[in-house]
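**Student:** So the chains spell out like this:
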Amino acid sequence: MNIRRNISATLLWVVFLIIFILLDLFYGSRMSSSGEADIAVIITRIRLPRIITAIIAGSGLSLAGVQMQSILRNPLADPHIMGISSGASLGAASATLIGGSIATGSVLQGLPVAIAAIAGALLTSFIIIAAGKRLKSAMTLLIFGVMLGFIANAVITVMQSNSNAESLKIFHSWSAGSFATTSWREILILVTTLSAAVVLSAINHKGLDIILFGDEFAELASISPQKTRFLALLSCCLITGAVTAFCGPIGFVGITAPHIARGFWKTSAHRTIIPASLLCGGTIGVAADLLSYTASIPIPISSTMAIAGVPVILYILVKQTGSEL
Amino acid sequence: MKKIALEIRDLSIGHKGTPLYTDITFDIYEGDCILLCGANGSGKTTLLKSLAELKRDTEIVMIPTRIPKVKGFTLKEFIHLSCNRYPHADPEHGMSLLSISSLADRDISTLSDGEFQKGTIAAALARHAGIILLDEPTAFLDAENRRMVLKTLREICEETSVSVIFSSHDLHESISVCNKVLALGADGIFRCSENDLEATISSIFTKH
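If you're matching them up, the sequences are chains A and B in order.
Read in my numbering, the first sequence has 228 at position 228, and its numbers run on one by one without any break.
Basically my numbering = 1-based index in the second sequence + 1000.
For reference, chain A alone in the conformation it holds in the complex (with noise of 0.2 Å):
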């Protein structure tokens, strides 16, 4: 029975992305002027590098927010409202703005900024964790992390401030959100990322199962809650990171599609919900990258994300109103 669901579950994803990819690929408003030859090259050159890292993006931000709704127990969790994007946003900003008047061209491109926005995210994320050893509610901890968040918000404003023209006309186009600007050789600093977040987490799938009952239950079952909530932090720094520094700051993916995958293969374990979780986040991304693609004007992928993901999340919040959260 179970294994019935699941397989009709992934299959259904399976070819929700694939029809998604196959429309995002052949079916853009940005196609009619251009001549037979260039709908190859735009295909393979713009579209498929763009898709890529769409599905990178959502299911590396899904797999963050799975694991970081188990090891904080708060179903709202995931990196970009818990200020861990911010954070990244913030190590981004830094090397990008103050590294910008020395580097040419695109500074938002390769290692140093992934770097930079992963420092950032780890960083975020330690603070969290701090905070979390006083603070008990999953609430206060929430709101705790919103907090962090504006704090580098504020930061990253000061600093463009007192930046160049070039440097913030580059660093506006990246806070809005795009998978348009990346390079064969950020999607592979992406994939990397990606792999390694994944390995880290399937490492980790039996203490995020064991951690939903409490450090007291881990305890009682032999795992160390203070490792799981490490290695789990560490994987969902890597991936945010690396996806905000390309990407720009993405919301919302991240709490939405680890709630889709528990609502259609109907289980919380992490054996399934991390492969589910990927399934459904990398789907979101290319359906959110179609949409802003096929609009009559361009919207930025962190709007698109707003709009499709904020509803979702207040149903979650109607529903659990009453429960524990």
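For the record, the hints were derived by calculation from the structure and aren't laboratory data.
Heads up, a few of these hints could be off.
Here are the simulated lysine-lysine pairs, DSSO-like style, with alpha carbons at most 30 Å apart [what the hints assert, rightly or not]:
id	chain 1	residue 1	chain 2	residue 2
1	A	227	B	1071
2	A	227	B	1151
3	B	1076	A	206
4	A	133	B	1071
5	A	266	B	1069
6	B	1071	A	319
7	B	1069	A	319
8	B	1069	A	227
9	B	1076	B	1049
10	A	206	B	1049
11	A	227	B	1055
12	B	1069	A	206
13	B	1071	A	206
14	A	136	A	266
Computed list of chain B residues with no C-beta within reach of chain A, every gap over 10 Å [claimed, not checked]:
id	residue
15	1005
16	1025
17	1064
18	1073
19	1081
20	1084
21	1092
22	1093
23	1102
24	1160
25	1169
26	1170
27	1173
28	1189
29	1194
Please read all numbers here as calculations on a predicted model, not as lab measurements.
We put the CB at the ideal spot given by N, CA and C, even for glycine.
Since chain A is already given, all that's left is putting chain B on it; use the hints.
**Tutor:** For chain B alone, coordinates are given in the frame of chain A:
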């Protein structure tokens, strides 16, 4: 003649170097059902945790209070998780001892609090625990579920060689299933009694 499962001699418990109770001495026999009582903050959980950390031949399992009923796990999966590091554990055996095998494939969020509490006890039995320590197993339960859990504890002690120590504030309901009481007295003295349970319990109340 009942066999001794654990002898505690001159144990001290405390927080951050400040002792709460010293000279804690008592014996646990096989099949003992023991109530641990004391005011809030008197050290009940600390004492249970200290006992759980003792390295003994008998497996000592402590069940924490208020484990959340996380949606998306069946009872069987939950018991398997709690036996994670115990290759010799037998979840089926644990469930059949408490006759909850029929609940094995139910999602734990659909179980009553009492049924889930029985599930946590089954998890301890699955690990072939000799002594089960329960921190407030009846807190937050309604009357019916409270009676069910207490009955389960008594049955374990009567029908197997497992010993149970549990803390509770539901004193009078609890002593009806117990044969021994441990009291963390308001006067700072630890007491253990098999004969005069009521009098021992009253030592936890501050004298006015």
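**Student:** All hints are to be evaluated individually against the structure, with a verdict given for each.
**Tutor:** Hints versus structure:
Distance hint between residue 227 of chain A and residue 1071 of chain B is fulfilled; the C-alpha atoms sit about 24 Å from each other, no more than 30 Å. Restraint check for residue 227 of chain A and residue 1151 of chain B: not satisfied, since their Cα atoms lie roughly 38 Å apart, outside the 30 Å limit. The straight-line distance between the Cα atoms of residue 1076 of chain B and residue 206 of chain A is roughly 15 Å, inside the 30 Å bound, and the hint therefore holds. A hinted pair counts as satisfied when its Cα atoms are at most 30 Å apart, and residue 133 of chain A with residue 1071 of chain B qualifies at roughly 25 Å.
A threshold of 30 Å between alpha carbons decides the hint, and for residue 266 of chain A with residue 1069 of chain B the separation of about 15 Å falls inside it, so the pair holds. Simply put, residue 1071 of chain B and residue 319 of chain A have alpha-carbon atoms about 14 Å apart, close enough for the 30 Å limit, and the pair holds. Restraint check for residue 1069 of chain B and residue 319 of chain A: the C-alpha separation of about 17 Å stays at or below 30 Å, so the hint holds. With a C-alpha separation of about 23 Å, the suggested pairing of residue 1069 of chain B with residue 227 of chain A holds against the 30 Å cut-off.
Annotation: proposed proximity of residue 1076 of chain B to residue 1049 of chain B holds, straight-line Cα distance about 26 Å (limit 30 Å). Under the criterion of a C-alpha separation no larger than 30 Å, the hint pairing residue 206 of chain A with residue 1049 of chain B is consistent with the structure, at around 24 Å. Distance hint between residue 227 of chain A and residue 1055 of chain B is fulfilled; the C-alpha atoms sit about 23 Å from each other, no more than 30 Å. For the hint linking residue 1069 of chain B to residue 206 of chain A, the alpha-carbon distance of about 17 Å falls within 30 Å, and the restraint holds.
With a CA separation close to 16 Å, the supplied pair residue 1071 of chain B and residue 206 of chain A stays within the 30 Å bound. The hinted pair formed by residue 136 of chain A and residue 266 of chain A meets the criterion: a straight-line CA distance of about 28 Å does not exceed 30 Å. At roughly 19 Å, the least C-beta separation between residue 1005 of chain B and chain A is larger than 10 Å, which holds for a residue marked as non-interface. Distance to chain A confirms residue 1025 of chain B as a non-interface residue, since its nearest Cβ pair spans about 26 Å, more than 10 Å.
The claim that residue 1064 of chain B is not at the interface with chain A is violated, since a C-beta of that chain comes within 10 Å of its own (minimum 3 Å). For residue 1073 of chain B, the condition that its CB be more than 10 Å from all CB atoms of chain A is violated, with the nearest at approximately 6 Å. Annotated as non-interface, residue 1081 of chain B brings its C-beta within 10 Å of a C-beta of chain A; the closest such distance is 5 Å. A Cβ of chain A approaches the Cβ of residue 1084 of chain B within 10 Å, the least distance being about 5 Å, so the stated non-interface status is violated.
Once the 10 Å rule is applied to beta carbons, residue 1092 of chain B is consistent with being away from chain A; the minimum gap is 18 Å. Remark: the non-interface label on residue 1093 of chain B is consistent with the geometry, its nearest Cβ contact in chain A lying 18 Å away (cut-off 10 Å). With a minimum CB-CB distance of about 17 Å to chain A, residue 1102 of chain B clears the 10 Å threshold, and the non-interface call stands. Distance to chain A confirms residue 1160 of chain B as a non-interface residue, since its nearest Cβ pair spans about 20 Å, more than 10 Å.
Under the 10 Å C-beta cut-off, the non-interface status given to residue 1169 of chain B relative to chain A holds; the minimum distance is some 19 Å. Taking the minimum C-beta to C-beta distance to chain A, about 21 Å, the non-interface status of residue 1170 of chain B holds against the 10 Å cut. For residue 1173 of chain B, the condition that its CB be more than 10 Å from all CB atoms of chain A holds, with the nearest at approximately 24 Å. Distance check for residue 1189 of chain B against chain A: the nearest CB is about 28 Å away, which clears 10 Å, and the non-interface claim stands.
Distance to chain A confirms residue 1194 of chain B as a non-interface residue, since its nearest Cβ pair spans about 29 Å, more than 10 Å.
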